[in-house]
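Trainee: Keeping their order, the protein sequence lines are chains V and P.
Going left to right, the first sequence walks through residues -16 to 241 as this note's numbering numbers them.
Going left to right, the second sequence walks through residues -3 to 230 as this note's numbering numbers them.
Certain hints may be false.
Claimed, not checked - The list that follows gives simulated cross-link-like pairs (lysine-lysine, DSSO-like), each with its CA atoms no further than 27 Å apart:
id	chain 1	residue 1	chain 2	residue 2
1	V	K196	V	K175
2	P	K124	V	K69
3	P	K48	V	K69
4	P	K22	V	K1
5	V	K1	P	K176
6	P	K128	V	K69
7	P	K22	P	K128
8	P	K59	V	K69
9	V	K7	P	K165
10	V	K1	P	K119
11	P	K111	V	K(-3)
12	V	K69	P	K210
13	P	K131	P	K59
14	P	K165	P	K21
15	P	K128	P	K165
16	V	K69	P	K131
As the list claims (entries may be wrong) - Computed footprint of chain V on chain P, listed as stretches where at least three residues anywhere in the stretch have a Cβ under 8 Å from a Cβ of chain V:
id	stretch
17	67 to 74
18	174 to 186
Claimed, not checked - A short, non-exhaustive set of chain V residues, derived as facing chain P with CB atoms under 7 Å:
id	residue
19	N(-15)
20	I(-13)
21	K7
22	R68
23	Y72
24	V79
25	S80
26	V222
27	V226
28	S230
29	Q238
30	R239
If you're looking for bench data, these hints aren't it; they were derived computationally from the structure.
Where a beta carbon is used, it is the ideal one built from N, C-alpha and C, also for glycine.
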Amino acid sequence: MNSIFLQNVFTIAKNTFKETVRNKILYGILAFALVYMLFTLFLGSISLGEDLHVIRSLGLAGIYVFSVIITVFLGSSLLYREIERKTLYFVLSKPVSHAHLILGKFFGLLASVAVSMAGMAVIYLSLVAFEGGGFDSLALLSILYQLFEMALLIALTIFFSTFSMPLISTLYAVLVIYIGHSLDLLMNAVAKSGVFVQVLVKGIYYLLPNLAKFDIRNLVTYDTHIALSQVFFVIAYAVVYIVVLLSMAIFLFEQREL
Amino acid sequence: MIEIRNLSKVFGEHTVVDGISLTIKKGTVFGFLGPNGAGKTTTIKMLVGLDKPSSGTVRIGGKDPTEYHTRESIGFMPEMPSFYDHLTGYEFLAFCGDLFHAKDKSRNHYLNILKRVGMFEAKDEMIKNYSKGMKQRIAFAQAIVNDPDHLFLDEPLDGLDPIGRRELKRIIKSLSEEGKTIFFNSHILFDTEELCDEIGILNRGSIIYSGPIKDFTKGRQLEEQFVASIEKLS
């Protein structure tokens, strides 16, 4: 990895970050997130002594849902808009490779999503502290897991947008999120089915990312200990998936006529 | 020097550029003319490495433009440019400039370019609020941000008012005096005649003339001779 590579990726990431954080729709989503977080206070107050549990459970779920919305909304149009509007002519006519562009877009959007999540996390931690729960350090681990899931989803939407329009990319992404969180259920459901169905579902199981691995919200709300080895495994799982998806995105993007 | 040898581009069964060859010497201002759909933009995209040729070769200063390092010495202004709407003119220019290496990336350098193209006053405005002429100027600014040896301009004078056109032509002339090789597509033949040392005329993907303007016009107006040549072939 040479300095030109790093410099190009950084420059494109910085530009992508600026573009995305100045998008008014992002602030619209974050405003909804804020209203939702405050609403969890009310829900906690009517939960008969389970205030903190409700706030933690719904708060972390809220951070996840709003992060997914931001990621899919911005990610599915990120590369497509460059291609459609031909802004990439400015970039690729310079000493920049297709790989630099894809990686720059990835890290730029990841930075925007991370900042958005950090904002929501601050609100969440404040609410938990306000309700007498102290500093919820375990929640930070859950949010870290969610961030890695978002990174994977960004890579996925970039991959989809190398060959499809934003609406189709969004549909694909939503489908993968839904199936990705249901893979274990799916495997159990077909345990007694025929060989063909089992092979098919096994294929899907190994092909699609198992997003349930990133969901430790229940463990966190019940203060369950999480082993360090599991944390490393999940991070490694996300990194491998991201590398594969971005490599395929770069390959497809290089084949595409601009 | 720009060397193009048997360059072709085929989309499906449609040949858009059909085996063209050109040699453009260093310091030449070369006008690439042709009717709409002749293949001018496809050609210029291959010259700056945005598209790969189906066959043939392009050498810019002896190097292949599809190798991204070659593009350190290339400047390109696309036709009807779109921009990142949420950036200011200065931010956009700095972004483009930062993609070059071993070049001047100081704020002063960027500000001087903005002054040169008449965009200094509007540097902190969002590009989405720019007029078409201002967008043309900022697109031109990014094309010269790396002080390129080879400058490729796709319809650079489109959308500019007479004063804007005069200003841009003045800059193109001064760049030519600095020894830059300038290749531009245009359908504004009056300006082409004023700026170019040589022209190439492309019709349905093939070169029908390349060389000095005077040898082509033979005492007539460029536009008159151009229309006559195209009509003769159709």
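Trainee: State the violated hints by number, sorted upward, taking the hints as numbered earlier in the document.
Mentor: 4, 5, 7, 9, 12, 13, 18, 19, 21, 26, 27, 28, 29, 30
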